[in-house]
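Protein chains: 2
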Amino acid sequence: MHRVKVRIVEDALDANTTIAEANRADFDRAGVAVVNLMSAPGAGKTTLLEAVLGPGIEGVRTGVLEGDVAGSLDADRLADLHIPVVQLNTDGGFGGECHLDANMVRSALPALDLEALDLLIVENVGNLVCPAEFRIGEDARIMVASVAEGQDKPLKYPLMFRACELVVVNKLDLLEHVRFDLDKFRYYLDQVHPDVQVIATSAYTGEGVDELRAWLAGVPARTGAAV
Amino acid sequence: MHRVKVRIVEDALDANTTIAEANRADFDRAGVAVVNLMSAPGAGKTTLLEAVLGPGIEGVRTGVLEGDVAGSLDADRLADLHIPVVQLNTDGGFGGECHLDANMVRSALPALDLEALDLLIVENVGNLVCPAEFRIGEDARIMVASVAEGQDKPLKYPLMFRACELVVVNKLDLLEHVRFDLDKFRYYLDQVHPDVQVIATSAYTGEGVDELRAWLAGVPARTGAAV
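In order, the protein sequences belong to chains W and C. Sequential numbering from 11 applies to the first sequence in my numbering. Sequential numbering from 11 applies to the second sequence in my numbering.
These are calculated hints, taken from the structure and not from any lab test. Please note that the accuracy of each hint is not assured.
A pair holds if it fits inside one copy or across any two, identical chains being indistinguishable in the list.
Subject to a maximum C-alpha distance of 25 Å in a straight line, what follows is the list of computed SDA-like cross-link-like pairs (lysine to any residue) [what the hints assert, rightly or not]:
id : residue 1 : residue 2
1  : 194       : 80
2  : 194       : 214
3  : 194       : 94
4  : 194       : 231
One chain only, chain W, in its complex shape (with noise of 0.2 Å):
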């Protein structure tokens, strides 16, 4: 029984490996780049885009996906940014509930204009582990964590960061109420992510927008996706 869900799994695993390849033939087809905001419930990445993306990225036609168990309280906020924005929802099956996989990104292609994109921001459901495990043809992966949750959260849950290529720590403005010390935390980060890029921000007082914008306009060249 265990060998046979186990091999399961693994099919599971290889057939999102080969549908991630297919999104990213259609981003690059399209000269889209992909970027996957991970984090756990409630850390902030829908505040954080509309902080971003109120103002707009300069030169950056951007789209967001939106992906949630439930609902589309998040879409609906991103609505008043009059950008594409569309909702997945993932409480369709056991299993699929916790994360998006590139089957599911894959269905919600159709309702964007890629054509009209320089770049596409997927939010995935709130989770620190299951996400971590599913590409979703991607270029880069972004971990949101705020102060809030605590500075031992890398320890706690290595892979999903080690599976990003930027960390971004959040509600700065919260640090003088919390227990989270930005040094510790950065050293925790070491230990499963060795010289993995920070930048901290602030939703609410703005601090960080700036330069996590910066860092979202420069995908696209990054990956060689048509500006």
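Given the coordinates of chain W, assemble chain C onto it according to the supplied hints.
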């Protein structure tokens, strides 16, 4: 392929139910009430346990089973409390990392002297999706939500907020610094789990901790476990 995967998952859930019942029988035999403590990563479960169990629960011999993807940080913290604490790591295999299941809990039981306990608190892996689907043989489930995560979480993760007998709203001390309206949260919660009991706490200021301790003290009596 899809049908095979669904069947395997159903088999896995069936197996989980069977093992959860075996756990339940062992807990009953030893007269132990069991609480499954769930939340998103960083909601403050361990700090709450420190606050509740530091002074102890009068007349209730309490032990803790610590579930984490990796490391023993939480168990190390609780070791100072001089109560039985067993660490359980879930990073052994794919698909098992994101939650505790009945079999993982069962594997830890030999390390616990159940006869010496009235109440066993199982701290689950931080995750707002997967733990809700796997019973472990517990009497009651507590869902901890931090005010820093935002008031919209019941609508975004409905199964988790439904699969519990108590919702703890933690980090009350941050309430004035975040955009979180307790009435709004309660309103959203009522949409997915009407009339579920709510206790608001701050592990730092101690607010609500006595109420939570009293609730936990009542679990053995409510479930008929010997005290």
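Status of the hints after comparison with the structure:
1. 194 x 80: between (35 Å within a copy, 18 Å between copies)
2. 194 x 214: both (24 Å within a copy, 20 Å between copies)
3. 194 x 94: Result: close neither inside a copy nor across copies, 39 Å intra and 29 Å inter.
4. 194 x 231: neither (33 Å within a copy, 43 Å between copies)
Hint compliance for this structure: hints 3 and 4 are broken, all remaining hints hold.
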